[in-house]
Amino acid sequence: MSGTVQKVPVDLLTGFLGSGKTTLLRRLLTDPALADTAVLINEFGAVGLDHLLVETVDPDTYLLSSGCICCSIRDDLAAALRELWDKRERGLLPPFRRVVIETTGLADPTPVLAILTSEPMLRWHLRIGRVVATIDALAGAATLAAHDESRRQVAVADRLVVTKADLVESAALAALEAELRGINPSADILHARHGELADAPALLTSPNDTREVRRWLAYEPAPARHGAIGSFLLEADQPIEWAAFGVWLSLLLHRHGSRILRVKGLVHIQGRDLPVVIQGVQHVVHPPEHLPAWPEGGQGTRLVFIGVELDPPAIRRSFSTFQLLGDRVLGG
Amino acid sequence: MCGLCGVLQAEHWSDAAGTADGAVPRQARLRRAALVSAVLAPRRARAADWEGAKLRLTTATGRVELADTLADLWHRADRLVGPLDPLDPELLDRLDDAA
Numbered sequence: 021m022s023g024t025v026q027k028v029p030v031d032l033l034t035g036f037l038g039s040g041k042t043t044l045l046r047r048l049l050t051d052p053a054l055a056d057t058a059v060l061i062n063e064f065g066a067v068g069l070d071h072l073l074v075e076t077v078d079p080d081t082y083l084l085s086s087g088c089i090c091c092s093i094r095d096d097l098a099a100a101l102r103e104l105w106d107k108r109e110r111g112l113l114p115p116f117r118r119v120v121i122e123t124t125g126l127a128d129p130t131p132v133l134a135i136l137t138s139e140p141m142l143r144w145h146l147r148i149g150r151v152v153a154t155i156d157a158l159a160g161a162a163t164l165a166a167h168d169e170s171r172r173q174v175a176v177a178d179r180l181v182v183t184k185a186d187l188v189e190s191a192a193l194a195a196l197e198a199e200l201r202g203i204n205p206s207a208d209i210l211h212a213r214h215g216e217l218a219d220a221p222a223l224l225t226s227p228n229d230t231r232e233v234r235r236w237l238a239y240e241p242a243p244a245r246h247g248a249i250g251s252f253l254l255e256a257d258q259p260i261e262w263a264a265f266g267v268w269l270s271l272l273l274h275r276h277g278s279r280i281l282r283v284k285g286l287v288h289i290q291g292r293d294l295p296v297v298i299q300g301v302q303h304v305v306h307p308p309e310h311l312p313a314w315p316e317g318g319q320g321t322r323l324v325f326i327g328v329e330l331d332p333p334a335i336r337r338s339f340s341t342f343q344l345l346g347d348r349v350l351g352g
Numbered sequence: 002m003c004g005l006c007g008v009l010q011a012e013h014w015s016d017a018a019g020t021a022d023g024a025v026p027r028q029a030r031l032r033r034a035a036l037v038s039a040v041l042a043p044r045r046a047r048a049a050d051w052e053g054a055k056l057r058l059t060t061a062t063g064r065v066e067l068a069d070t071l072a073d074l075w076h077r078a079d080r081l082v083g084p085l086d087p088l089d090p091e092l093l094d095r096l097d098d099a100a
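Sequence lines, in order, name chains L and A. Here my numbering = 1-based position in the first sequence + 20. Here my numbering = 1-based position in the second sequence + 1.
Just so you know, these hints were derived from the structure itself, not from any lab. Ideal Cβ positions, reconstructed from N, Cα and C, are used throughout, including at glycine. Please note that a few of the clues may not be correct.
Claimed, not checked - Partial chain L-side listing against chain A, Cβ under 10 Å, derived: (1) S270; (2) D331; (3) R337; (4) L345.
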């Protein structure tokens, strides 16, 4: 969609305390493919920027030898993003083409995404990119069982990076992956071994290619396990009435967005041949995007919902009622 | 710019209105307002497109508020006519029965 192509994507790097966010971030910052990245982090000390040949631009902003920019977040993320963009506009910083925000280990990433869509200035220049969550292969299962924050981070992620995968047996790794799939069946799972991740830049590429959408939709329904986080698939064979869908989804996320952690998939709209990608994180909906073709498996609306104590029959009934209402009110 | 996108994101409404195919976004806004009115009908409230830029929410008692987005409208409706729950079977029954 032409209106969003020029916007700079903002990716989130999240993960529980000690799960390897910093190691992954350092790996990303040294990759030439990500040299035009600006990084916002909470504390510089943990990242160890000295290893990356740092030039100080101002007290809170550093230029790395790789070309990446690093800024600290003092209190206000929105202010930090505005300042970063302002410096870019005034030529005080290189024209970065991507922003990565490293959240604190205990953070729920969704308020960060909400900032990107709620502030007009930020919304105009930036768009939501990927959410990447790190999970420690050794401690991940125990962390998931004990901490709601960790489960929510996994649930909202587009990509899950299992770190320290070289330190566990393959059976334990498979068991952890099954746990992760139970929480988020649509995320891609990658392994970092010895601090290295094959094709690290691909972590942050566009989420809306056909291959990725195909993976979302190839998912197996997962019953609620950890903390009642579960998922289901909403399907509609007939093309949907778009206005009714927009009204329905906006009201559903307004009322139940705190429980609906992710919704993503394709919709087939009446009168349109190509699919439209829908992605939402709690109350936040990404701008819809068109795909150039339907993935294998045919046309039809298919939306994956991931959330806490979801009631699939109630959501399906609500979807149908709004669609029928749309047909009646709008004469569809 | 496609006319679909204005439904979910406020930033696209004004963009779309300024494009050559502005008729499509305008039609989308009118359709959206008609549907919101149908959803609000059990609470005796209604919505209308306002100047192609906002949604005008009107209650049975004559209170009028302008909402920037659908999300904003639902927030205002919560306050003016009470929370609407799209999973509430009673509301869905009313919508199913709506002419």
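Here is what the structure says about each hint:
1. Interface restraint check for S270 (chain L): the shortest CB-CB distance to chain A comes to about 4 Å, inside 10 Å, so the restraint holds.
2. For D331 (chain L), the suggested interface contact is upheld, since its CB lies about 7 Å from the closest CB of chain A, less than 10 Å.
3. Interface restraint check for R337 (chain L): the shortest CB-CB distance to chain A comes to about 6 Å, inside 10 Å, so the restraint holds.
4. A least Cβ separation of about 5 Å between L345 (chain L) and chain A falls short of the 10 Å threshold, and the interface hint therefore holds.
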